[in-house]
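Using the sequences and the hints given, assemble the complete structure.
Protein chains in written order, with full-length UniProt numbering: chain A, 1 to 133; chain B, 1 to 119.
Everything labelled a hint here was simulated from the structure, so no lab data went into it. Treat the hints with caution; some may be incorrect.
[Claimed, not checked] For lysine to aspartate or glutamate, the following EDC-like pairs were computed, each having C-alpha atoms within a straight-line distance of at most 16 Å: (1) A:Lys92 <-> B:Glu91; (2) A:Lys74 <-> A:Glu63; (3) A:Lys125 <-> A:Glu13; (4) A:Lys85 <-> A:Glu118; (5) A:Lys109 <-> B:Asp22; (6) B:Lys7 <-> B:Asp22; (7) A:Lys11 <-> B:Glu52; (8) B:Lys60 <-> A:Asp93; (9) B:Lys27 <-> B:Glu52; (10) A:Lys125 <-> A:Glu59; (11) B:Lys27 <-> A:Glu13; (12) B:Lys60 <-> B:Asp22; (13) B:Lys60 <-> B:Glu30; (14) B:Lys111 <-> B:Glu91; (15) A:Lys125 <-> A:Glu63.
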Amino acid sequence: MKGTLSSVVIKQEWDIVGARQAGRQVSQDLGFGSVDQARIATAISELARNIYLYTEEGEITFEQVRDIPKVGLKIIAQDQGPGIKDLSAVMKDGYSTSGGLGAGLPGVKRLMDHFDLESDENGTKVTAIKWAR
Amino acid sequence: MRVPILKLHNYLLVSIQIELDDQTAMKFQEDLLGKIHDTGATGVVIDLTSVEVVDSFIAKVFGDVVSMADLMGAKVVFTGVQPAVSMTLIELGIYLKEVPTALDLEQGIIKLRQELEEK
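Here it is in structure tokens:
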């Protein structure tokens with residue numbers, strides 16, 4: 001088993017819950033412990049909420065990655081929204097344009113082992129990996 | 001979906017047993033404040049034993065409900081925060097320092113009693 005495991009379209013608010021449930025299931029299947037499952041589910045929730053809040057529609061894809069002997073879960077959150085104007089600001093704790101806590105992206109970075117953010121006027125792509133211990 | 005709110009003497013007891021989406025969380029906030037108003041409850045215990053994920057939005061709703069209830073004259077205590085939830089929130093950068101907590105429902109009631117009697 002390798003490659004794409006599943007993907008969830010984020011369009012409505014309820015899809016945020018759907019995405020984190022899917023992510024929890026996938027992380028359980030890959031053998032992550034309960035704390036890592038919570039970290040992964042929370043990270044997915046933050047990424048899905050960003051798609052829901054700031055774009056029309058997006059998608060979160062789960063992939064299994066391998067770096068022998070390690071197994072990991074790669075989460076790709078992608079949208080065709082307006083992009084993030086100030087990339088350094090969104091990575092600062094407490095920055096929010098929606099009245100939230102501003103914990104989203106910097107929080108996801110801390111919860112995961114690898115974090116990558118690409119954004120331009122054609123959309124945003126966040127890639128995050130968690131390695132199973 | 002709604003979160004049931006039970007009344008016991010002057011307290012309201014809540015055990016969140018469902019997966020909270022944003023709408024349900026907001027509805028719960030409104031329901032709880034309404035119930036405080038209707039019953040004249042002076043204390044609220046919200047038990048999170050069954051809650052496995054608290055993201056930044058839900059954390060904000062929880063923090064807000066403490067301030068809102070406080071403004072009305074009622075104390076809120078959260079109980080049963082799971083180890084994984086606690087670790088995840090701190091890593092997210094959410095400390096919820098203003099939110100009173102206790103280990104379990106029993107300790108929560110004791111904490112409420114202490115806080116309300118001190119006044």
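Going down the list of hints, with the structure as the test:
As the CA atoms of Lys92 (chain A) and Glu91 (chain B) are separated by approximately 14 Å, the hinted pair is consistent with the 16 Å bound. Taking the CA atoms of Lys74 (chain A) and Glu63 (chain A), the gap is about 5 Å. The hint holds against a cut of 16 Å. In summary, the hint linking Lys125 (chain A) to Glu13 (chain A) is not supported, as the alpha carbons are separated by about 19 Å, beyond the 16 Å threshold. Between Lys85 (chain A) and Glu118 (chain A) the CA atoms are separated by roughly 11 Å; this keeps the pair inside 16 Å, and the hint holds.
Annotation: proposed proximity of Lys109 (chain A) to Asp22 (chain B) is violated, straight-line Cα distance about 22 Å (limit 16 Å). Between the alpha carbons of Lys7 (chain B) and Asp22 (chain B) the distance comes to roughly 25 Å, so the proposed pair goes past 16 Å and is violated. Under the criterion of a C-alpha separation no larger than 16 Å, the hint pairing Lys11 (chain A) with Glu52 (chain B) is inconsistent with the structure, at around 24 Å. Straight-line distance between C-alpha atoms of Lys60 (chain B) and Asp93 (chain A) comes to about 14 Å, which keeps the hinted pair within the 16 Å bound.
About 20 Å separates the Cα atoms of Lys27 (chain B) and Glu52 (chain B), which puts this hinted pair outside 16 Å; it is violated. For the suggested pair Lys125 (chain A) and Glu59 (chain A), the alpha carbons sit about 10 Å apart, so the restraint of at most 16 Å is met. Under the criterion of a C-alpha separation no larger than 16 Å, the hint pairing Lys27 (chain B) with Glu13 (chain A) is consistent with the structure, at around 14 Å. Restraint check for Lys60 (chain B) and Asp22 (chain B): satisfied, since their Cα atoms lie roughly 11 Å apart, inside the 16 Å limit.
Restraint check for Lys60 (chain B) and Glu30 (chain B): satisfied, since their Cα atoms lie roughly 14 Å apart, inside the 16 Å limit. At most 16 Å may separate the alpha-carbon atoms for a hinted pair to count; Lys111 (chain B) and Glu91 (chain B) exceed this at roughly 27 Å. The suggested pairing of Lys125 (chain A) with Glu63 (chain A) holds, with an alpha-carbon distance near 15 Å, which does not exceed 16 Å.
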